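There are 4 protein chains.
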Amino acid sequence: MATAPSKAATALPAKQLARIREQLKECAASLGGEVSARARAAQLAETYLGLDDGGRHEFLRLIALEFGPDPKRVATAHSAYQQAVGSPAQWDAEAALRAAMRSSRIRILTQFNAIPQGVKFLVDLRADLLRFLDKDPELKALDRELENRLTSWFDVGFLEISRLTWQAPAALLEKLIQYEAVHEIRSWKDLKNRLDSDRRCYAFFHPRMPVEPLIFVEVALVNKLSDSVQHLLDEDAPTADPHRADTAIFYSISNTQVGLRGVSFGNFLLKRVIDDLKRDFPRLKTFATLSPLPTLRLWADRNPEVFAACFAPDLAKIAKHAGIEPDADALRALLPKGEWAADARLARLIEPGLVRLAARYLLTGKSGDKPFDPVARFHLGNGARVERLNFLADTAAKGFKQSYGMMVNYLYEPDDLEANVDAFVREGRLAAVAAVRHAAKG
Amino acid sequence: MATAPSKAATALPAKQLARIREQLKECAASLGGEVSARARAAQLAETYLGLDDGGRHEFLRLIALEFGPDPKRVATAHSAYQQAVGSPAQWDAEAALRAAMRSSRIRILTQFNAIPQGVKFLVDLRADLLRFLDKDPELKALDRELENRLTSWFDVGFLEISRLTWQAPAALLEKLIQYEAVHEIRSWKDLKNRLDSDRRCYAFFHPRMPVEPLIFVEVALVNKLSDSVQHLLDEDAPTADPHRADTAIFYSISNTQVGLRGVSFGNFLLKRVIDDLKRDFPRLKTFATLSPLPTLRLWADRNPEVFAACFAPDLAKIAKHAGIEPDADALRALLPKGEWAADARLARLIEPGLVRLAARYLLTGKSGDKPFDPVARFHLGNGARVERLNFLADTAAKGFKQSYGMMVNYLYEPDDLEANVDAFVREGRLAAVAAVRHAAKG
Amino acid sequence: MATAPSKAATALPAKQLARIREQLKECAASLGGEVSARARAAQLAETYLGLDDGGRHEFLRLIALEFGPDPKRVATAHSAYQQAVGSPAQWDAEAALRAAMRSSRIRILTQFNAIPQGVKFLVDLRADLLRFLDKDPELKALDRELENRLTSWFDVGFLEISRLTWQAPAALLEKLIQYEAVHEIRSWKDLKNRLDSDRRCYAFFHPRMPVEPLIFVEVALVNKLSDSVQHLLDEDAPTADPHRADTAIFYSISNTQVGLRGVSFGNFLLKRVIDDLKRDFPRLKTFATLSPLPTLRLWADRNPEVFAACFAPDLAKIAKHAGIEPDADALRALLPKGEWAADARLARLIEPGLVRLAARYLLTGKSGDKPFDPVARFHLGNGARVERLNFLADTAAKGFKQSYGMMVNYLYEPDDLEANVDAFVREGRLAAVAAVRHAAKG
Amino acid sequence: MATAPSKAATALPAKQLARIREQLKECAASLGGEVSARARAAQLAETYLGLDDGGRHEFLRLIALEFGPDPKRVATAHSAYQQAVGSPAQWDAEAALRAAMRSSRIRILTQFNAIPQGVKFLVDLRADLLRFLDKDPELKALDRELENRLTSWFDVGFLEISRLTWQAPAALLEKLIQYEAVHEIRSWKDLKNRLDSDRRCYAFFHPRMPVEPLIFVEVALVNKLSDSVQHLLDEDAPTADPHRADTAIFYSISNTQVGLRGVSFGNFLLKRVIDDLKRDFPRLKTFATLSPLPTLRLWADRNPEVFAACFAPDLAKIAKHAGIEPDADALRALLPKGEWAADARLARLIEPGLVRLAARYLLTGKSGDKPFDPVARFHLGNGARVERLNFLADTAAKGFKQSYGMMVNYLYEPDDLEANVDAFVREGRLAAVAAVRHAAKG
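Protein chains in written order, with full-length UniProt numbering: chain A, 1 to 442; chain B, 1 to 442; chain C, 1 to 442; chain D, 1 to 442.
Same shape as in the complex, but just chain A:
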C-alpha cells in the first residue's frame, strides 16, 4: 500500500532526478518488451513510495511536463482531420488525431498497475497529485489523464456491492472505523451496534482493492422518519425487528478514497442498496436520509443579514431569556456552543428562526449555480427531495458547531427521481416539500 511520505518536502538531488527521467523514458518506450517494461515500472513505483513530498512532486512534474503529447504532431494530425471533415476519410483522420494526442504519461502510469496493489497505488498517487495541484496548476493535464483512467477503471459496472456485517474480516471493519466521515465510530462496540440486525451497512469494492471499501453507507431500519442521530447511534437502545420497519434511514455516507475525486458512484450505491432492501424487507415504504448541514454555520457567518432576518421576529425574547444583547451577532455567537439547548424554553424560542434559516440556506444558498451545501448537492443531484428539517437532531459538539444542531431528511421517492434530476440539472430547480418552502419564506 502506498504509505504516506514524510511531510518534509526537499528537492531531489540532480543525479537521482536524472536517473528517474532515464527510467521513465525506458518505460515510455517499453524497451525490452512490455513484460520487462512492467518489471521496471514496478521498481520506479517503489522508488516513488520512498520519496518525501518534495521528491514526489518533482517526480510527478517530470511525468506531467516531459511525457505529454508532441504539439507539432498534434498540429499536423489536427490539420489533416479538419480537412477530412465531411469526407469518408474523416473517421480515419479522427483516429489519427486521437493517436497523436495519446501521451506517454498514461502509458507510464498504467505500467505502475503491475505492482501488487497497483490500483491502490495509483489512487493514492492521485491523492498526492491533488494535493500538489492546488499550488502547481501545471500538473493539470496529468491529473485529468489520470482521472479519466481511474474513471474508466472504476466504472460502476466493475464495482461489487457487499453487505458488511459483524462476520466481515476485522481488518476490513477496522477500515470503517478509520474512514467514517460523518458520525465518528467511537469503539468496536459502537461499530458492532451499527451492524446489528436492525442496521445495514453496504459498500462498493473494486475487484483489485478487495479490502478497501470505496464508499459505504450505514442504514437504520426504523419506523417513521428519524429526527435524531444520537437516538440512532445509542448503543443501549433495544434492537428493533427489521421486518416490521417501514422506513430505511441512510444516516451516514462516506467516500474513502481521496484519489478518486471526480469519480462518482454514490448515486449507484444508493440505488442498489434501495433495491436490495426492498427485496429483503417488502414492508419498507420510505427511503430517506438523516443528513447533516455541514456548512450551515459557515454560510450564516457569511450572510449575517439573512441570519438576522430569520431571527428578527423572536430576537428580543430570545435575548432576554438567554441573557445576551438583543443583537443577531450575539445570537450567532451563542448558537454554536449548544448549551442553550438544555434550556427547553429557550430552545422553543430559537426553533422557528433556526428552521427558517436552515430552509433558506438549503433552498437559496448557492455556490455557483449549485446548492451551497455539499450534501444537498449530492442528494438533490440524485433526485431526492428535501423532506423535513429537524431541530436539535445532532446534539454532538460537532453538530452544534457546524449547524447549530439542525439536520435534514432527504427523501428518495423512486418514481420522482428522474424528473427531479432533470429539473435540478436543467433548471437548477430544487425538490422540496411545501412545508420547507413555506419555512424558507416565513
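Check each hint, because a few of them may be wrong.
A pair counts as met if it fits within one copy or between any two copies, since identical chains are not told apart.
[What the hints assert, rightly or not] In the BS3-like style, the derived pairs of lysine-lysine whose C-alpha atoms are separated by at most 27 Å in a straight line are:
hint	residue 1	residue 2
1	K320	K72
2	K370	K25
3	K189	K120
4	K192	K175
5	K189	K175
6	K398	K192
7	K72	K140
8	K441	K366
9	K317	K120
10	K337	K366
11	K366	K398
12	K320	K370
13	K192	K224
14	K72	K224
Rather than coming from a laboratory, the hints here were simulated on the basis of the structure.
Owing to the predicted nature of the structure, the values given are computational and were not obtained by experimental measurement.
Keeping the supplied structure of chain A fixed, place chains B, C and D upon it in accordance with the hints.
Chains B, C and D only, in chain A's frame:
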C-alpha cells in the same frame, strides 16, 4: 451473453432507426441522471442483441457517425492549445483539447457495461464491429475508441491467472473444448488427459468475465524437447512424474475473444506461467513451445521458386521414388496430402528440403517488416528464439495441409528475452540457433 | 482413496501377519501417546491398501477376533450391573458395563481416520468387510461396530445437501456418471441435459468426503405425472420453463457408497429436496417419482401361477396375435424381449394383464413382512403411496428385462407421509390409490 | 445457540413433565418415521432451551433414568454371549449383546442434532449435565453415553486447523477475547497485537460449529526462550521479523467448550501447529511454552512445611529486609501480593527459595498418581519436558496471586516426545532438565 445474430442482414425500418437514434441521444445526454441513463442503456443493449447483422451494422454506424466529437469545438480548443504551448497555460489547454475530443460514443458504450455480463457484451460487440469494419472503414474511429477502452479495462494488472484442472467447473472446461484453436480437443477424455498430473493448463480471466478464459496455454512436463504433437496428445501414453521433468513444452496457446483483437496479454501469460512452473518444479530447466507453422504451405504456394530451390538437390530422387513428375510443382501438390509420410525411405528423401524450406520461411518470409508466420511474430516478439525444426511432428491432416507436417520449437531463455525483444523490435533481427540459420542457407 | 485390491486372494506370510498383529497391539494400547499412535495407524492403513483380497480378509479377521472385549471382564461388570439394578448405583454400574464392552477394534479403526481421506478409507474398508462377511460370519461383531461408528459419523445432521449443476467441478460430475445406478448416463452430453434448467440434481455430502456424493437424486420439472423415462431423458426434447411446471418427478435415486449399507439418509434427502423445490418453484403441486420395478420379472418367474392368472382373460388372443403357444410360460418368455412393444395392437392386448401383474406384485409381493420390491420398500417406508402404474414406460433393454417395460409413480403427499409411515411400519399397510388396488384385484 | 438458562431452579409442573415424557417416547420410537421424529426432536430441543436450571435437570433425569437399556434384555443377551464364547457363534452373540445395551437415550440426543447448530446444542447440553452431575450421580450413565458420542463426533480426524489472523471475521475474533483463559485479552488493540506478523494463533474447528473455536493456541516467534509474559504481550514492543526467529513460544492455550470435557485434542493441535510452523519458518529450532503454574500457591498453602523448608536458608534475611516476622507463614502471606517485587534487593533474596518451591511443586506435587499442576499434566502427558523456571515472569495481579509470579517453560523436543510419553504413562516419570531437578533438591 451476446448471442450471435441471424446472418440475414436487413436494413432497419426507418421508424425503429429513429427511435434508436433518440434513445442514443438520451444516453449521451444522461437525461434523468446517470442511474436512469444506465437503465436505458441496458434496454438499448437488449435491442442490439435482438437485431440481425444488418441491423447491428446500422446501429453501430449511428454511434460511429453521429456521436463523435464536434470538429468545430475541436478546432477552437486546438487553436487555444497551440497558442499556449510553451507557456504555463499549455497544460490546462491540453486538458481542454482532450475534453473537446471526448466523444459521446464511448460514453454510450460504457453505459452498456451496466447490463449483467456487460463486459462480455462489449467484447462481442467489438467482434461484430471488426467484421463490419472490413467493408465499412467509416467505423474506424469508433473501433479505435472501443479498442482503447477495452485495452484499459483488460490491462494485465486486472487479469487473474488460474490453473485449470479437472476440478474446475464443467461449464468452464467445456469452453476449452470450444475455444481450443491449435489442436482440437476431441472428447472429454482427451480433455481430462490434457489436465493430467504431468500437464498444466493456465488461463487469464477478467474479474467480470469469470467463466470466460481470455487466453489459455496447455503445457506438457517432459524430458527433452518434444518433437511430435501426436505423442504429446496420446491418451494411452503413461503419465510421467512431473517432478522429474526437465522441460516444459507449451504445445497450444489459444486466444478466445475475437473482440479483443489488438489487446495483448499472451506475453504476460507465458511469463507468469514460467514463474509458476519454476516455483512448483525446480528441476525444470527448459521452457519451449512445440508450435505449428500455420502458413508455411500458403507461403510456399506464393513463392514457388523458393520451394523449388529448397528441393532442387533431391528432386529427381524424390520424384522417382514417389512416382511423380520430376517437377517442383508436382511435389508441392503431393506434400500436403501426407500419404508420402508412410513411406519411410521417401520421407528420408524429402526431409532435407522440407527443413530447408521451413527455415527459410521462418527466417526470411515477411509480411511488412514482420515475420510472415503469425506464431513466429508472437514468440519472437516475446524474445523467444527459433530452436529446432521438427520433421513429421504434426501428422494430423491439418498438419500436412498447413505445413507438410513440420513444427518448430521456440525456446524461452529467460536471460535472453529482453535483448532478443530489442533486437527484434529495433532491428527486425530474428533470434535463431545456428543450426536453423545454417539450414536456411543450405 | 482406497484403491481396489487385486482380486487374487493369497494368504499373508506368517511373518507379515505377526508384524501386523504387533502394530495393531501398539495402536490399541496407544503406546507413545495418541499423536504417535495415529501416525502408526496411518502406516497400517497404508499397509492395508497394499494388500490383496486375501490379505485384507486376514487383516480384518485379526482385528475382529483378537481385539474384541474380554468376556471375563464383561461378565464381572454385568454381574455388578444386575445387582445394582433398582438402586442408585445402577447408573454407575451401567457405565462400567459399557466400558467393559468397549473393544479395541473400534479404537483401532478410528485411528485410521487420521490418514488423509480417512473417512473414505473406512467406508471402503467396510465395503471390503461386507464382501467377506457373506462367507465369514465371524466378522459380524466387527461389522456391527463399524456400522455403528459410521452411523454416528454420517448422522444426517452432519450431511450437506448441494445442488449439482453444470457449474460443478468436472471431477465431481464424473462421479455421477460412474455412480448412476438406475438409468445409465451415456455421455457428458446426456449428463449436461440432466442438469438443464428444467432439471435439478441434489446430493448429500459429508464434510470430510467433499468430492464424493453419498446419494443423489435427479429431478425433472414437468407438467403432469411423467409416464415415460425415455421421454424424460430425451436430449433433443426442448427445455421447458421450470417456473411453469406443476410437478417434480424424481426419476433416479442412487446410493453410491457400498460401505454405508444400513446407514440411511435417502428419506432426509427427499424431504429437503422437496422443501428446496417448494421454495424455488411455488407453483409445484405434485412431488412424485417415476420408478422402476426392478424385481417384477424375478417375482413373476418365482410365482408363475400369479402371472398365469393375471393374463388368463386375454391369453388366447395374445398368443394368437403374437404367434406363440397359448401358454402363460410362453408369454413369460416373450415379454422380457421387448419386440412385442413395436406391435401396437399386440401391446394393447398385453397391457391389462401386465398392469394387473404389476399391481399384485407391488401390493402383495412380500420379502418377509416387507414389500418384495426394494424400491417400494424405500418409498412406502418414507410414507409415499403407489399412485399410478405406467405401461411401456421404460423401453430400454434393461427395462424390458427387469420389468417388461413397466414403471410406477410413487406420490409424496406431504400431509399424508406421517400417517402412511405409521400404517406401514406398525400394520404393514401399503398406501396405494384405489385404481391400483382395483387393478390388483381385477 | 443454546442460551444460558435463568439460574432459578424450579421444578417442572407435573403436566409439562408428563408431556415431555410423552414426546421423548415418541422420539425414542421414531413414530411417523425418522424424518418426522427429527422434526419433533427439534421442538423438544427448543423446549429444553426455554427451561430454567431446575427444569433442565428434570428433563435430563427423565432421559437418563427412563430411557436406558432394559436390564432383563441385557441379562438374556449376556447369558447367550457367555455361552457362545469360544465358539463361532461368539461374534454374533457379541453383536446381539451390544444391541441390547443400546439405549434410547443416545437415539434421542442424536435426534437433537437436527436443529440448526445442533452440535453446539449438544455440547452445551453436556455442559449443563456436568454441572448437575456433581450433585446427582444418577446422571452418570447418560453423561458417559453423551461423552462417547461427542468423542466420536469430535474425532481429531474431523477437526480443521485454521490460522486465525486479523483477516478473520470479527464475530470469530470476538470469541477469542471471550474464551481466552490464561492471559486476558484486554481490548481489540491487544488482540490485534497478538495476531501481528511475529505472532501466530491457531485453532481447531468442527465442520458443524464453524464460528466456534474448540481450542486455540497463541504463539510468539522470538529469539531464545521467553521468560516474561508481560514482555510478550507488550503492545508497544516493536514487531520482530518472524523469519529470523529461532524459537516458537506457546504462551496461551485455551479450551473453550466446557461440554467437551474428556474429549482431548490439545496434543494434536500442538503437533500440527509445530508442523505448520516448521514448514513456514525453517529457522525455528525450539518449540516451547511459557506456562503458568496455576495451583502453586494452593499447593504451598496445603503444604506449608515444604514452603518453610524451601525458604529456610534465607528466611531471616528476607524477613528483616521485608519488615515481617521471621516466620514462613508471614512470608507465605506476603508473596501473593506482589509489592515485594518492586524492591530489587528483596526480590533477589526471595528468588532462590521460590525457584526451589516451584521445582518441588512440579516434580513432586501429586494429585493421585498425576502431577498436581494441571498444565504440567497436559504438557508432560504430551511428552514435553520441564525446561526452565522463570522468576517474576508473570507480574500481573493474577500471576502473583496464583503462583507468586513464577512461570515455567515446557520444551517440545520432537525426537523425545514418544519416549517421554511412555515413561510418563507407564512409570509416572516426569521429564525435566537437570537444573530443575537440582533446584528441587537444593
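Taking the hints in turn, this is what the structure says about them:
1. K320 with K72: Classified as neither; 74 Å inside a copy, 66 Å across copies.
2. K370 with K25: between (43 Å within a copy, 25 Å between copies)
3. K189 with K120: For K189 and K120, only the inter-copy Cα distance (25 Å) is at most 27 Å; the intra-copy one is 29 Å.
4. K192 with K175: both (13 Å within a copy, 14 Å between copies)
5. K189 with K175: Both: 15 Å inside a copy, 14 Å across copies.
6. K398 with K192: For K398 and K192, the Cα distance is within 27 Å only inside one copy (23 Å; across copies 30 Å).
7. K72 with K140: For K72 and K140, both the intra-copy (20 Å) and inter-copy (24 Å) Cα distances are at most 27 Å.
8. K441 with K366: within (17 Å within a copy, 80 Å between copies)
9. K317 with K120: Neither. Shortest intra-copy (56 Å) and inter-copy (66 Å) distances fail the 27 Å Cα cut-off.
10. K337 with K366: Classified as within; 26 Å inside a copy, 69 Å across copies.
11. K366 with K398: within (23 Å within a copy, 64 Å between copies)
12. K320 with K370: Classified as neither: same-chain Cα gap 38 Å, cross-chain 83 Å, threshold 27 Å.
13. K192 with K224: within (23 Å within a copy, 40 Å between copies)
14. K72 with K224: neither (64 Å within a copy, 55 Å between copies)
When the structure is compared with the earlier hints, violations turn up for hints 1, 9, 12, 14 and for no others.
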